[in-house]
Amino acid sequence: MIEFKNVYKTYPNGFTALKDVNLKIEQGEFVAIIGLSGAGKSTILRCINRMHDITKGTLTVDGVDVNSLRGAELRRFRRKVGMIFQSFNLVSRSTAIKNVLTADVPDMSFFKVLFGIFSKDQKMRALESLDKVGILDKAYTRCDQLSGGQQQRVALARTLNQNPKIILADEPVASLDPITARQVMQDFVRINKDYNISILLNIHHIDLALQYCDRVIGVRAGEIVFDGPASTITQEQIDYVYNGTKAPVLGDGE
Amino acid sequence: MENEVNTLVKLTWFDKIFKPQVITLANGHSTIRRRSRAPLIVLLLAVAIYLSLAATGFSLAVVITKFDKLLDLFVKLFHPKWDFFDKVVGPLVDTIKMSILGTVIGCLLALPVAVLSSTNIDKSRVIVSVCRFILALIRTLPTLVIALVCALVFGLGTFAGTLAISVFTFGIVAKMLYESIETIDMGPFEAMEAMGANKFQAFWSACVPQILPVYLSHSLYCFEMNVRASAILGYVGAGGLGITINERIGWRDYNGLGMVLLTLFVVVVAIEFFSEYLRKKLS
Amino acid sequence: MAEKLEKLEKKLDEKLTAAEMYAQRPRKWWLYLLIVLILAALIGWSGSSIHYEGLTVTGRSVAQGVVSGVTHPDLKLMFGTGDTDVPFLLLQTMAIAVLGTLFGAILAIPFAFLASTNIMPKPIAYLFRIVILLIRTIPSLVWALMWIRVTGPGAACGVITQSVCSIGMISKMYITAIEDLDTRILESLDAMGCTPFQKIRYGVIPQLTASFISTTIYRFDINLKDATTLGIVGAGGIGASLVQCLNSRRWAMVGAFVWGLMVLVLIIEFLSTRIRKKLARGE
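Residue numbers (my numbering), protein chains in the order written: chain A, 1 to 254; chain B, 1 to 283; chain C, 1 to 283.
Quick caveat, the hints were computed from the structure, so don't treat them as lab data.
Accuracy of the hints is not assured; some may be wrong.
[What the hints assert, rightly or not] Only pairs whose alpha carbons sit at most 30 Å apart, straight line, appear in this in silico DSSO-like list of lysine-lysine:
| # | chain 1 | residue 1 | chain 2 | residue 2 |
| --- | --- | --- | --- | --- |
| 1 | B | 123 | A | 80 |
| 2 | B | 123 | A | 56 |
| 3 | B | 175 | B | 199 |
| 4 | B | 66 | C | 225 |
| 5 | A | 132 | A | 80 |
| 6 | A | 165 | A | 24 |
| 7 | A | 123 | B | 199 |
| 8 | C | 122 | B | 281 |
| 9 | C | 277 | B | 16 |
| 10 | B | 199 | A | 112 |
| 11 | B | 76 | C | 172 |
| 12 | B | 199 | A | 80 |
| 13 | A | 193 | A | 80 |
| 14 | A | 80 | A | 112 |
| 15 | B | 281 | A | 123 |
| 16 | A | 56 | A | 24 |
| 17 | B | 19 | C | 277 |
| 18 | B | 87 | B | 76 |
| 19 | B | 123 | A | 112 |
| 20 | C | 28 | A | 120 |
| 21 | A | 132 | A | 24 |
| 22 | C | 225 | B | 175 |
| 23 | A | 120 | B | 199 |
| 24 | A | 165 | A | 193 |
| 25 | A | 56 | A | 5 |
| 26 | B | 81 | B | 69 |
| 27 | A | 19 | A | 165 |
| 28 | B | 199 | A | 56 |
| 29 | A | 165 | A | 80 |
| 30 | B | 281 | C | 28 |
[Unchecked claim] Rough simulated footprint, nothing fancy, chain A against chain B, three-plus residues with beta-carbon under 8 Å:
| # | segment |
| --- | --- |
| 31 | 190-197 |
| 32 | 203-210 |
Where a beta carbon is used, it is the ideal one built from N, C-alpha and C, also for glycine.
Pulled out of the complex, with its shape left as it was, chain A reads as follows (with noise of 0.2 Å):
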């Protein structure tokens, strides 16, 4: 369970990215966060796994306050939170499979961190991850070589395979086609489902985040200004997220 209780974000250069955050997530929700860029959406995810700190309020994952973690304490609760980027952030002149094992990298030796010596047991679980997103056939080939989808289902391989209890991805579809954002989404579904694991997602087109996310936020310039299952949301409730102008939708270009 993730739960906001007042929380404020400044960043250094005195913008106040989020105000008096209050959400309880529970564990399982498949979560959408819409609102236009700038608006905080980046900003709270990023507090989630602390990789921005919170300015006040208090912030808790399973009971566990993030803010008070350090050093190795961080970490290890780091390991059960996974998170999807944009740019999928994979090493691309490396092979599928390599970035997958990447994953246990942070239980790993010093030692075989610098060889880089996995066991039979990772390597096959790597394969396994790799099948859960069904791209098992391309393992052994080099991230380079696949397409902008193919890629983003490494990152998710690459994430199933640390077994996290909370997905968090920071719009994982901006840089997919219409199609392949959709085959995408239907990935995240069928994981939310299966293995129960937390998914919040910052999506920017409207249509996705209704079709496929059970709840949608909506945040406006850093406040919460809707919070409900997808299916209730209203057009003025939306218009007052994206404050009057229209919201993207997939296929618009952005």
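Given the coordinates of chain A, work out where chains B and C should sit on it, guided by the hints.
This is chains B and C only, laid out in the frame that chain A set:
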């Protein structure tokens, strides 16, 4: 009007002296045209050439009138003394050995320093500046001067040459490498940190696979240069082919010199060809 | 036959399980082992004839001398105005590099065009490439020793040496620029009805100038460093005096020369990098 012009284009000191021209069309729209720098550059260049001619005493007439001397020399060079080959092999092998060992030592030392000099990995401004400044200083020292000092300290021979090549390689590979490291994708590093890896694990798994091929490629390139450079180190007594070259020229044995240069040419071309093939494979 | 094919197709269509995929993994360890073995053998081989024989009898005093020279340079020499003092010698070194680079850059233009495969027929282009390679392989010091026969010792020899040496690298880089020419522009000029001369003037030259100038400036940087060593064989510049002082162990003078050299090279490198960055951005 003046303000408007200033906001359109960032003006430099040059534009403050030579005010930009404002062109207004018939419909009242206007654009500005900055004065060309070409006349100033040409003027500076002309002055530089004039001063340089005066300082070096260079005259084309001498070159043309005495050109036949060079031609004589060239004719001899192109008729190499084939049986001299036996005496070339030994020093040539020494030269290659010096280059290999010097390149390896220099490149090994360059890797950590290059990492410390890259702003995207090393966040400490002080360490970055200090490392870069030291590298820049090392690169200013001519290899021959380093070789000469080494020869004076460690005695004539290949050890001094190897040391000089190591120093040269260190300076140049470290610079090329930190420039490349700054262009790598830091996304995977961020992903590793988000997965709970510490800095070393993240760097080793996310950055090193990107750096390694570039590093090897730079090292090979530097090796190519070193074979050529080390051929002359013998001139100051640092071992290898340079001693033979110096000797041949001293005795005015240009046919022998032709043989030395021909062998060097073949070896350099072969090494360049091989290294270019490897570097293509790496990228 | 058809049955067999069908079977094969079916097998290809079947999804592999993770265990099967693992069994099919590419096995490359022997390749890595081979590379490591070759490298180890090369290093071992090259290390075999390079021996550390300790310092020479005077080694320690030379090392101390260099340190004391650099920390206590001869200030009178460093800021003097005579023609054996540091400032004049530095200017002369720079003059050699200016003229050498300029002549080299001009001489390289015909070479580059003659050696470009997209302009010349392949046999001619490859012939000129071999000539360029020859020029590049002969060490600059050897060129200088040959030119001395023509011009006699002095800065003029340095100029002509660098003019020739520069052709090698400059034309190599010119060729890359020429072969990267965007021919679509020529097509559009053709469509507008331009003559061949007009096509060259407005289609080819604008594409080449920036990269040619950038190459020339880069080479100037290299030539300046090179000019500092040419003096060793008597081709003018600061090198001759530096080596003389080193050999006669006048450490304070060595210090003055080394400082002068470092400052000059650092300044030029800084300026050259800045100008080339500006050129690359198209300012």
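These are the hints, each one checked on the structure:
For the proposed pair residue 123(B) and residue 80(A), the alpha carbon gap of about 28 Å is at most 30 Å, so the pair holds. About 27 Å separates the Cα atoms of residue 123(B) and residue 56(A), which keeps this hinted pair within 30 Å; it holds. Proximity of residue 175(B) to residue 199(B) is assessed by CA-CA distance (about 23 Å); at most 30 Å being required, the pair is judged to hold. Between the alpha carbons of residue 66(B) and residue 225(C) the distance comes to roughly 28 Å, so the proposed pair stays at or under 30 Å and holds.
Taken as a hint, the residue 132(A) and residue 80(A) pair is honoured in the structure, with Cα atoms around 18 Å apart against an allowance of 30 Å. With a C-alpha separation of about 15 Å, the suggested pairing of residue 165(A) with residue 24(A) holds against the 30 Å cut-off. Taking the CA atoms of residue 123(A) and residue 199(B), the gap is near 23 Å; set against the 30 Å cutoff, the hint holds. For the suggested pair residue 122(C) and residue 281(B), the alpha carbons sit about 25 Å apart, so the restraint of at most 30 Å is met.
Among the hinted pairs, residue 277(C) with residue 16(B) is consistent with the structure: their alpha-carbon atoms are about 23 Å apart, no more than 30 Å. With a C-alpha separation of about 16 Å, the suggested pair residue 199(B) and residue 112(A) falls inside the 30 Å cut-off, and the hint holds. Of the supplied pair hints, the one linking residue 76(B) and residue 172(C) holds, its CA atoms being roughly 27 Å apart against a limit of 30 Å. Simply put, residue 199(B) and residue 80(A) have alpha-carbon atoms about 18 Å apart, close enough for the 30 Å limit, and the pair holds.
Our distance criterion of 30 Å between C-alpha atoms is met by residue 193(A) and residue 80(A), whose separation comes to about 18 Å. Proposed proximity of residue 80(A) and residue 112(A) is supported: the alpha carbons are some 22 Å apart, at most 30 Å. Our distance criterion of 30 Å between C-alpha atoms is met by residue 281(B) and residue 123(A), whose separation comes to about 27 Å. With a C-alpha separation of about 17 Å, the suggested pairing of residue 56(A) with residue 24(A) holds against the 30 Å cut-off.
Restraint check for residue 19(B) and residue 277(C): the C-alpha separation of about 25 Å stays at or below 30 Å, so the hint holds. For a cut-off of 30 Å, the pair hint linking residue 87(B) to residue 76(B) stands: about 18 Å separates their Cα positions. Using a Cα cut-off of 30 Å, the hinted pair residue 123(B) and residue 112(A) holds, with the two alpha carbons roughly 27 Å apart. As the CA atoms of residue 28(C) and residue 120(A) are separated by approximately 16 Å, the hinted pair is consistent with the 30 Å bound.
Among the hinted pairs, residue 132(A) with residue 24(A) is consistent with the structure: their alpha-carbon atoms are about 29 Å apart, no more than 30 Å. Simply put, residue 225(C) and residue 175(B) have alpha-carbon atoms about 16 Å apart, close enough for the 30 Å limit, and the pair holds. Under the criterion of a C-alpha separation no larger than 30 Å, the hint pairing residue 120(A) with residue 199(B) is consistent with the structure, at around 26 Å. Annotation: proposed proximity of residue 165(A) to residue 193(A) holds, straight-line Cα distance about 12 Å (limit 30 Å).
Restraint check for residue 56(A) and residue 5(A): the C-alpha separation of about 9 Å stays at or below 30 Å, so the hint holds. Annotation: proposed proximity of residue 81(B) to residue 69(B) holds, straight-line Cα distance about 20 Å (limit 30 Å). Using a Cα cut-off of 30 Å, the hinted pair residue 19(A) and residue 165(A) holds, with the two alpha carbons roughly 27 Å apart. Between the alpha carbons of residue 199(B) and residue 56(A) the distance comes to roughly 27 Å, so the proposed pair stays at or under 30 Å and holds.
The suggested pairing of residue 165(A) with residue 80(A) holds, with an alpha-carbon distance near 6 Å, which does not exceed 30 Å. Distance check on the hinted pair: residue 281(B) and residue 28(C) sit about 16 Å apart at the alpha-carbon level, within 30 Å; holds. Counting residues of the segment 190-197 of chain B whose C-beta lies closer than 8 Å to any C-beta of chain A gives 8; at least three are required, and the coverage claim holds. Here's how the segment 203-210 of chain B fares: 5 of its residues keep a CB closer than 8 Å to some CB of chain A, so the rule of at least three is met and the hint holds.
Checked against the numbered hints above, the structure violates none of them.
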